[in-house]
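Trainee: For reference, the chains in residue letters:
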Amino acid sequence: MRVALFVTCVNDTLFPGTGRATVRLLERLGCTVEFPLEQTCCGQMHFNTGYRDDARPLARRFTAVFDGYDAVVVPSGSCAAMVREWYPSLGVEPPAGVYELSEFLVDVLKVTDVGAYFPHTVTYHPTCHSLRSLKVGSRPFDLLSQVRGLTLVPLGGADECCGFGGTFSLKNSAVSAAMCADKVRGVLDTGAEVLCAADNSCLMHIGGSLARQRTGVRVVHLAEILASTEEDPA
Amino acid sequence: MSSRDRILARVRSALADVPRTERPEDVEVPRDYDRTRSGPDVVELLVDRLVDYKAVVHEATDVAAAVADALRGRAARRVAAPVGIPAEWFGDAEAIRDDPALSAADLDALDGVVTGCAVAIAETGTIVLDGGDDQGRRALTLIPDYHLCVVRRDQIVRTVPEALERLDPSRPQTWISGPSATSDIELNRVEGVHGPRTLEVLIVRAVS
Amino acid sequence: MSGTFVGMPAFPEASSRAVDDAQLRYNLRKATHTIRARRAAVVGEQPDWAELRAAGAAIKDRTLRHLDVYLERLESAVTAAGGHVHWAEDAAEANRIIVDLVKATGETEVVKVKSMATQEIELNSALAAAGIRAYETDLAELIVQLGDDLPSHILVPAIHRNRAEIREIFTGRMAAWGRPAPENLEDDPRALAEAARLHLRERFLSAKVGISGANFAVAETGTLVVLESEGNGRMCLTLPETLISVVGIEKIVPTWRDLEVFMQLLPRSSTGERMNPYTSTWTGATEGQDFHLVLVDNGRTSVLADRVGRQALRCIRCSACLNVCPVYERAGGHAYGSVYPGPIGAILTPQLHGIAGPLEESLPYASTLCGACYEVCPVAIDIPEVLLDLRAKVVTKGHRGERLAMGAARRVLDNPKWLAMAQRSAGRLRRWAPRRLPGPLSAWSDTREVPVPPRESFRDWWVRRPNQEGDR
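Protein chains in written order, with the numbering used here: chain A, 1 to 234; chain B, 235 to 442; chain C, 443 to 914.
Hints were generated in silico from the structure; no laboratory data involved.
Model, not experiment: these values are computed from the prediction.
Note that CB positions come from ideal geometry on N, CA and C, so glycine has one too.
Heads up, a few of these hints could be off.
Straight-line alpha carbon distances no greater than 30 Å define the calculated DSSO-like cross-link-like pairs of lysine-lysine that follow [claimed, not checked]:
no., chain 1, residue 1, chain 2, residue 2
1, C, K650, A, K135
2, A, K110, A, K135
3, C, K650, A, K171
4, C, K545, A, K171
5, C, K472, B, K288
6, C, K545, C, K650
7, A, K110, C, K472
8, A, K135, A, K171
9, C, K835, A, K135
Label pairs and their calculated CB-CB ranges [what the hints assert, rightly or not]:
no., chain 1, residue 1, chain 2, residue 2, range
10, C, R872, B, S247, 19 to 29 Å
11, A, D142, C, E628, 50 to 60 Å
12, A, G91, C, H841, 47 to 57 Å
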């Protein structure tokens, strides 16, 4: 199986650790991972802000770069949703086999126990596009519940948006910050040490606020927890 | 050109993408929803739903006695009576007939109203009136503060689709699901606003 | 409604004021969470909800794709049943027709059932200008009218008020409109509802003209349908000698049987009840009443012409999308600057008005695209899809600075070498990464830490990784 990693521009530029963890995890599970260097960005920011003419070349690039792989793994729910759900409205046919990380693990590799070790109390934010566009459902929870040492605590109001929404956080910053404040309260109420999600954009938003308030709660991408082992902890 | 013609012309030009040969029936409507369902006995279900709405519910076999009892229990002495409701149901109370038509003020001075119904929907706890002889015109069940409604077992259906099948749209209908209520204050339901504040339902299993 | 929405500021400004109003935030949170839970419970117990939703969407699509046929069918059915049908191209014409109809009765007072259409055309102001006083009879509308306020929710226009505020409004304002509030009125909802009952009782019993909207108009039979809770609707529809119903042209359903779908979808989505307390249906002139139907376009045909946006006309005004929307919950209804707040307003207002000014330009951006609205919509309006389509229209109108920035970002992102160079520069300058960002980006750093760029991007790590070659 030819597996390609679409790391996403946000992870590539700001959160390379998530990309490295995804590679480590997939290789541990026996995949040969390729990283086509011509990849850049799925075009979501441009598309969601209304700049379809700017989004279209990025969508075409993605499709050209990832055409022909058996699976394209994306450690971001919203980028995977962009490709699968919205490319057709740009007149671009998305390549087959684009999977958000938890979908790939559970549906394609058919594993839930990935041999991870992460001895911390974790709460999980499902993120809107994973939840409602991709409908990944229980997959992340199935994966996290098999991680040795990990205590999963439920997040109140989990299915509510954190208020990021890309340029929404700038255009409607007051409402965005209010939504984030409620999300942060929800996280703090769990008493968890770590907030996990499968999308670093949301984690950057919530984490930025957790850090500003010096709460001590860490944000960690799902890939990094699943890649974590006793020998090589996240 | 009238406004009517201009609006219709604008509608037609807005729908330029709809093929000229397409007829309304060509737009498929999937009707895979349930027309009926299995489940608990419809009488029990109806009672459960009505009670949930804070309606008062009894089951009865002797209608006349049950109506008279209920009216006595409410101390209802002067009660509006559609032509199709027999005088003997009223016991000690006085049946006030709507003939000649009672004014709104007349109705406001009455202690209640007794009616039958056209259909009752168990799943939603709904009683439908359609102005039949045993129900009268709509104001009769609106202005008096107490509505006693007699529902026969054979008038109860389980689902909304089953009810629609039995109803005639040319008749004015009032669908009643519990006493009047509002959720306008902090979205909490409170019973008792402009319509009858007390809805009492008598369910008659066998026709007496 | 005495206020109007004219000249409302754009959404970000109006919503940021709402966010700072702690009382408003508390009221909205409490109310929306209450109704969210109620809706979820009664939708959850309906085993064929998905099928009903699909049928509801399809029935509305059938209607909209053949709206001309159904409008003519409705007109002839209503006329055959003794009603009079009037057509209004816009708000001004609708108001003119209604004012003339009321004047013809010789009356100077009308009672009104809550109606979005009459709010939209600002009928009460038009009536007032003609010397006719309109009395709102729905409890929430009454609160708005007495408080000289604006509606902020489709179902519960006074959702932004709590019981204590309502008590204040009743005590202070009822006397100016009729029977004063009872002495020592308490803020218990039961007591407040009772005060409304007493205040309006005489008005109902003596009213000669009623004005309503309609939830549905059945083309096949000419039957109009109004769903309500309090009985004020029945009062206004039944007791007056003249009834005028003001109905948007998209409110049609083809057949009587189609109501079997909507009478299940609407109450559960709207008030979160298995069925609302009262529904009235009537066909033409009923029980000796003089009946007028005013069909209103007022921008709907423009919405119909938009192939993506057309689906907004499926809306049955349940307000489930408002109740579940995290933006509405914080921003409140007034920030949306029209009688249609929340997600549905964010797509309806710019379409009905056209993208005419700062408010209409800002509304498509009043969403994080979280998709909660689409999920609960009983007629499956893909609100995120329409929002995105509207955003694509907004950016064609000016916005030069943002367009330049977006174009520059695209040029970097569409070139892996430039992207890698940009990443390396950011990595080198990471020690100087600011805690506070300049210009529009400061909106981020006001409340959140700014992520510090890593020393090495993922792609640089991959390339230097032993035994690995980036292919292609």
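Trainee: With reference to the structure, classify each hint as holding or not holding.
Mentor: A quick look at each hint next to the structure:
Restraint check for K650(C) and K135(A): not satisfied, since their Cα atoms lie roughly 55 Å apart, outside the 30 Å limit. For the hint linking K110(A) to K135(A), the alpha-carbon distance of about 17 Å falls within 30 Å, and the restraint holds. Distance restraint check for K650(C) and K171(A): the Cα-Cα separation of roughly 50 Å exceeds the 30 Å cut-off, and the hinted pair is therefore not satisfied. At most 30 Å may separate the alpha-carbon atoms for a hinted pair to count; K545(C) and K171(A) exceed this at roughly 48 Å.
Between K472(C) and K288(B) the alpha-carbon distance is near 24 Å, which keeps this suggested pair within the 30 Å criterion. Between K545(C) and K650(C), the direct Cα distance comes to roughly 12 Å. Compliance with the 30 Å bound is thereby established for this hinted pair. Between the alpha carbons of K110(A) and K472(C) the distance comes to roughly 42 Å, so the proposed pair goes past 30 Å and is violated. A distance of roughly 27 Å separates the Cα atoms of K135(A) and K171(A); the hinted pair therefore holds under the 30 Å criterion.
Restraint check: the Cα-Cα separation between K835(C) and K135(A) comes to about 29 Å, which is no more than 30 Å; the hinted pair holds. Distance hint check for R872(C) and S247(B): the Cβ-Cβ separation is about 58 Å, which falls outside the suggested range of 19 to 29 Å. Our hint of 50 to 60 Å for D142(A) and E628(C) holds, since their Cβ atoms are close to 52 Å apart. Separated by about 23 Å at the C-beta atoms, G91(A) and H841(C) break the suggested range of 47 to 57 Å.
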